[in-house]
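2 protein chains.
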Amino acid sequence: MTAAILSIGTELTRGELVNGNARWLAEQLTELGFQVVEHATVADDAKHIASALLRLCQSGPQSGPQSGPQARVLVCTGGLGPTSDDLTTAAVAAALGVPLERDAASLAAIEARYRSGKIARAMPVLNAKQADFPRGAHVLPNAVGTAPGFAVTIGSGPGATRAFFMPGVPSEMQHLFATHVAPAIAGLVKRKSFQVHIRTVGLAESVLAERLRDIDLGGARHTPGITIGYRASFPEVEVKVLAERADLEQARALAQGVAGEVQQLLHDVAYGGKDSNYPAHVGELLRRAGLQVALAESCTGGLIGKLLTDVAGSSDYVLGGAVTYANTAKHRMLGVDKALLREHGAVSEEVARAMAEGVLQMLGAQIAVAVTGIAGPGGGSEHKPVGTVCFALALAGAPTRTRTELFPGDRERVRVRTAYTALRLLAQAAQETLDARESAHVQQEPAS
Amino acid sequence: MTAAILSIGTELTRGELVNGNARWLAEQLTELGFQVVEHATVADDAKHIASALLRLCQSGPQSGPQSGPQARVLVCTGGLGPTSDDLTTAAVAAALGVPLERDAASLAAIEARYRSGKIARAMPVLNAKQADFPRGAHVLPNAVGTAPGFAVTIGSGPGATRAFFMPGVPSEMQHLFATHVAPAIAGLVKRKSFQVHIRTVGLAESVLAERLRDIDLGGARHTPGITIGYRASFPEVEVKVLAERADLEQARALAQGVAGEVQQLLHDVAYGGKDSNYPAHVGELLRRAGLQVALAESCTGGLIGKLLTDVAGSSDYVLGGAVTYANTAKHRMLGVDKALLREHGAVSEEVARAMAEGVLQMLGAQIAVAVTGIAGPGGGSEHKPVGTVCFALALAGAPTRTRTELFPGDRERVRVRTAYTALRLLAQAAQETLDARESAHVQQEPAS
Chain L
1 MTAAILSIGT ELTRGELVNG NARWLAEQLT ELGFQVVEHA TVADDAKHIA
51 SALLRLCQSG PQSGPQSGPQ ARVLVCTGGL GPTSDDLTTA AVAAALGVPL
101 ERDAASLAAI EARYRSGKIA RAMPVLNAKQ ADFPRGAHVL PNAVGTAPGF
151 AVTIGSGPGA TRAFFMPGVP SEMQHLFATH VAPAIAGLVK RKSFQVHIRT
201 VGLAESVLAE RLRDIDLGGA RHTPGITIGY RASFPEVEVK VLAERADLEQ
251 ARALAQGVAG EVQQLLHDVA YGGKDSNYPA HVGELLRRAG LQVALAESCT
301 GGLIGKLLTD VAGSSDYVLG GAVTYANTAK HRMLGVDKAL LREHGAVSEE
351 VARAMAEGVL QMLGAQIAVA VTGIAGPGGG SEHKPVGTVC FALALAGAPT
401 RTRTELFPGD RERVRVRTAY TALRLLAQAA QETLDARESA HVQQEPAS
Chain A
1001 MTAAILSIGT ELTRGELVNG NARWLAEQLT ELGFQVVEHA TVADDAKHIA
1051 SALLRLCQSG PQSGPQSGPQ ARVLVCTGGL GPTSDDLTTA AVAAALGVPL
1101 ERDAASLAAI EARYRSGKIA RAMPVLNAKQ ADFPRGAHVL PNAVGTAPGF
1151 AVTIGSGPGA TRAFFMPGVP SEMQHLFATH VAPAIAGLVK RKSFQVHIRT
1201 VGLAESVLAE RLRDIDLGGA RHTPGITIGY RASFPEVEVK VLAERADLEQ
1251 ARALAQGVAG EVQQLLHDVA YGGKDSNYPA HVGELLRRAG LQVALAESCT
1301 GGLIGKLLTD VAGSSDYVLG GAVTYANTAK HRMLGVDKAL LREHGAVSEE
1351 VARAMAEGVL QMLGAQIAVA VTGIAGPGGG SEHKPVGTVC FALALAGAPT
1401 RTRTELFPGD RERVRVRTAY TALRLLAQAA QETLDARESA HVQQEPAS
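Protein sequences, first through last, are from chains L and A.
Numbers 1 to 448, taken from this note's numbering, label the letters of the first sequence in order.
Numbers 1001 to 1448, taken from this note's numbering, label the letters of the second sequence in order.
Same shape as in the complex, but just chain L (with noise of 0.2 Å):
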């Protein structure tokens, strides 16, 4: 089952906007199982849009070797705004040989959000043009915005083309696709795929393929049916787990089983599914391991901190910290040793250890990491190149643990990979603590 994506807009085709609504339909079209064979994007222009419409659907006459890809369903965003550049629901209507027509209940919906706390005010003039839809459209009320959506069907019979249009603000397209289009495509497929994701941490792409080998294809143990890829999304690399099969129970039940491999294979990495993230899930074993964190930040300059309060509710476990971008303020708010700096360096495992158990008692914390290093592009040598970053883990009551790592890459790479070292030192430290407590449980559990 094929899809096309047409996006309508003048600030996208001269590249005032980065097209994210494309990429983010083409994923959730691709979830559903179809084939997206096409993206395409045209200006503000009712006859380029009706071109591309008729071109995209299976309903224009097929015409030799330019004659692209057909879609059955085809998801369109933007122009449906009540401004005079906003052309795409005319279009529509001249591309159909059909008049516009006034949808009552769609005027008084704008009208009423206008009266509404959220901008109380008459709706101008402009947006009764939203209200209006090529004849014998299928209107998607809009939840979030004040332009509705709508559907039409394009050709007749069993080639005929749903074409659905959508506003381009991102939460109005995303809202009308979850709320609307998805329910009314997704029966069209007969999906017999199923992907399973897996977010990992700390390894290159290179790497996670190695260690996934005997399982993936080729592989002793592979199983049919099943391919692996990667996606890199720095500093990150996702595993997908896709598998096919007879139909989309069994090949769900199958991806589920080959993750189930894959996480074991790569314990130590694999954090989490689709829609997880780092920050939080470094958060969350903080706070289960009832662990309040202090920060250290040299290079970084404040990018750990920024990272775990991204979060909402990280004031639950993150006291806060130093960053001690300067020597003197190693030496004036963390106590760091000017002979120490002076001996071995800012960037040194005495130094970073310094600086980590001094910022774990200032705050009276449980836990503290510090870096420092050299994120570039200069201040390198021939000892200390560019990339090299000092590491130090303080727990209260254990012994401090440090380590040096040499980063590749530019300034903002070094830091960020800095910065999710740090973040895998606390998860590290934070899963020891909550194992350690589980094993205690067992001990003192009575033998039965």
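A few of these clues could be false.
Footprint (simulated), chain L over chain A, 3 or more residues, beta carbon under 8 Å [claimed, not checked]: (1) 1016-1024; (2) 1027-1033; (3) 1036-1042; (4) 1304-1310; (5) 1322-1328; (6) 1358-1366; (7) 1369-1378.
Mimicking DSSO-like on lysine-lysine, the simulated pairs with C-alpha atoms at most 30 Å apart in a straight line are [stated by the list, open to error]: (8) L:Lys129 <-> L:Lys192; (9) A:Lys1047 <-> L:Lys47; (10) L:Lys274 <-> L:Lys190; (11) A:Lys1274 <-> A:Lys1190; (12) A:Lys1129 <-> A:Lys1192; (13) A:Lys1192 <-> L:Lys47; (14) A:Lys1338 <-> A:Lys1384; (15) A:Lys1240 <-> A:Lys1192; (16) L:Lys47 <-> A:Lys1240; (17) L:Lys190 <-> A:Lys1047; (18) L:Lys129 <-> A:Lys1240; (19) A:Lys1129 <-> A:Lys1047; (20) L:Lys240 <-> L:Lys274; (21) L:Lys240 <-> A:Lys1047; (22) L:Lys129 <-> L:Lys190; (23) A:Lys1274 <-> A:Lys1240; (24) L:Lys384 <-> L:Lys338; (25) A:Lys1190 <-> L:Lys47; (26) A:Lys1047 <-> L:Lys192; (27) L:Lys192 <-> L:Lys274; (28) L:Lys47 <-> L:Lys129; (29) A:Lys1129 <-> L:Lys240; (30) A:Lys1190 <-> A:Lys1240.
What follows is a list of derived Cβ distance ranges for each label pair [what the hints assert, rightly or not]: (31) L:Gln361 <-> A:Ser1381: 30 to 40 Å; (32) A:Thr1227 <-> L:Gly257: 56 to 66 Å; (33) A:Leu1406 <-> L:Gly257: 48 to 58 Å; (34) L:Glu111 <-> A:Tyr1230: 21 to 31 Å; (35) A:Ala1122 <-> L:Gly364: 52 to 62 Å; (36) A:Lys1338 <-> L:Glu111: 49 to 59 Å.
If you are wondering where the hints come from, they were derived from the structure by calculation, not from laboratory data.
Think of the CB as a built atom: it goes at the ideal place given N, C-alpha and C, for glycine as much as any other residue.
For chain L, the structure is supplied; the task is to place chain A on it using the hints.
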């Protein structure tokens, strides 16, 4: 003069990647004066590639209402890699009806690249394919990767289309476009327009438009041929001054003249041109003013420090700071009086002042900014709703200034607005220091 963009890659049609290349190319082509009539994206499928190619060119038969706009220049990316799913070159040859031919110079360049220090091994057999081109193609050497690009002419006479093929890796694509494509096509357009970009921080689009009302369309001081546009890119807004005239030089002079007026009208919020970066701009002001900065961050959790230290060389003016997320951190790290916290609450101008003065003194800085607020979604109250943020700016030897803002939006937007407001406070203070120095200098000069 029309142009179109064809993106090739199954990872794009499936929505695994956002199409940043199309946006970048559209912006470049628009700036060169082309009208970009369509972006199309198809999978790594030889038949779909060939049909999209012929359709977008002027050579295809014109076939009724579904034939789209035709492009005189076609810019294509993707599918030039060494693996079996890289099909672009073969599809182009098939569409043109010509064989593939191996280019000896390109093969030697690829082999040399593998032998060189960067990769340092023999060229894999597969990569030889990257030296194959459709007969008659013009090769575009690639200095930053293994895949050369190429150009072909489709059709003949005045209706012919010049088509360019480049790899999908953004850095390689951008290099090839700048080196080979832009110089080859710039002469096709007799440019009569010129656009100046002015970046601003601190005011909403509607407020900027109000400020520019007199010189915009319909205003008393509007210049014919001038269009003023706005592009919001949270938390910034870019103002674009587009001039159209009889030739490029006249347009450039007009655009630059009106842009000067715009900059005067927006003097307090305009900070730079197209490629400017606000944290770097603020850093430059601090550097010129000779001010070393300390930060005290509560609700931003390190974001202000992260933004300032994203900039290479920021160690010249960033000393560091305290991330005092918990009240205990405000007290223990910055000496904020517990009574003050109890009496006024952590989100108060009094506490912000104590944080800024505390960190200024602790780090021996010349300037410090402190923020404390409620980013949400929880933590709001009737008197201090979510979005309430208190700021303090401390300068050595001057009274500390405080203010309170109520920001709209979700947690992320509140945090970003807070960080940018803090950066603006630093920029204003640095500018005042520079102005005072300038004025003192002028006063000290002997009267002539």
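Structure-based check of each hint:
1. 1016-1024: holds (count 8)
2. 1027-1033: Per the Cβ count (4), the hint holds.
3. 1036-1042: Three-residue rule met by the region 1036-1042 of chain A, so holds; n is 7.
4. 1304-1310: Contact hint for the region 1304-1310 of chain A vs chain L: holds, 6 residues under 8 Å.
5. 1322-1328: Check passed, 6 qualifying residues.
6. 1358-1366: Since three or more residues must qualify, the claim that chain L covers the region 1358-1366 of chain A holds, with 3 doing so at under 8 Å.
7. 1369-1378: holds (count 3)
8. L:Lys129 <-> L:Lys192: Roughly 42 Å separates the two Cα atoms, so the pair is violated.
9. A:Lys1047 <-> L:Lys47: holds (27 Å)
10. L:Lys274 <-> L:Lys190: This hinted pair holds, its Cα atoms lying about 23 Å apart.
11. A:Lys1274 <-> A:Lys1190: Holds, because 23 Å separates the two Cα atoms, which is no more than 30 Å.
12. A:Lys1129 <-> A:Lys1192: violated (42 Å)
13. A:Lys1192 <-> L:Lys47: holds (25 Å)
14. A:Lys1338 <-> A:Lys1384: Answer holds: A:Lys1338 to A:Lys1384 is near 20 Å, not above 30 Å.
15. A:Lys1240 <-> A:Lys1192: Given that 30 Å is the threshold and the Cα spacing comes to 16 Å, the pair holds.
16. L:Lys47 <-> A:Lys1240: Cα-Cα ~27 Å, so holds.
17. L:Lys190 <-> A:Lys1047: The given pair, whose Cα atoms are some 25 Å apart, holds under the 30 Å limit.
18. L:Lys129 <-> A:Lys1240: holds (29 Å)
19. A:Lys1129 <-> A:Lys1047: holds (19 Å)
20. L:Lys240 <-> L:Lys274: This hinted pair holds, its Cα atoms lying about 9 Å apart.
21. L:Lys240 <-> A:Lys1047: holds (27 Å)
22. L:Lys129 <-> L:Lys190: Between L:Lys129 and L:Lys190 the Cα gap is close to 38 Å, so the pair fails against 30 Å, i.e. violated.
23. A:Lys1274 <-> A:Lys1240: holds (9 Å)
24. L:Lys384 <-> L:Lys338: holds (20 Å)
25. A:Lys1190 <-> L:Lys47: holds (25 Å)
26. A:Lys1047 <-> L:Lys192: holds (25 Å)
27. L:Lys192 <-> L:Lys274: holds (20 Å)
28. L:Lys47 <-> L:Lys129: Given that 30 Å is the threshold and the Cα spacing comes to 19 Å, the pair holds.
29. A:Lys1129 <-> L:Lys240: Holds. A:Lys1129 to L:Lys240 sits at ~29 Å (cutoff 30 Å).
30. A:Lys1190 <-> A:Lys1240: holds (21 Å)
31. L:Gln361 <-> A:Ser1381: 30 to 40 Å: holds (33 Å)
32. A:Thr1227 <-> L:Gly257: 56 to 66 Å: holds (60 Å)
33. A:Leu1406 <-> L:Gly257: 48 to 58 Å: holds (52 Å)
34. L:Glu111 <-> A:Tyr1230: 21 to 31 Å: holds (28 Å)
35. A:Ala1122 <-> L:Gly364: 52 to 62 Å: holds (59 Å)
36. A:Lys1338 <-> L:Glu111: 49 to 59 Å: holds (54 Å)
The earlier numbered hints that this structure contradicts are 8, 12, 22.
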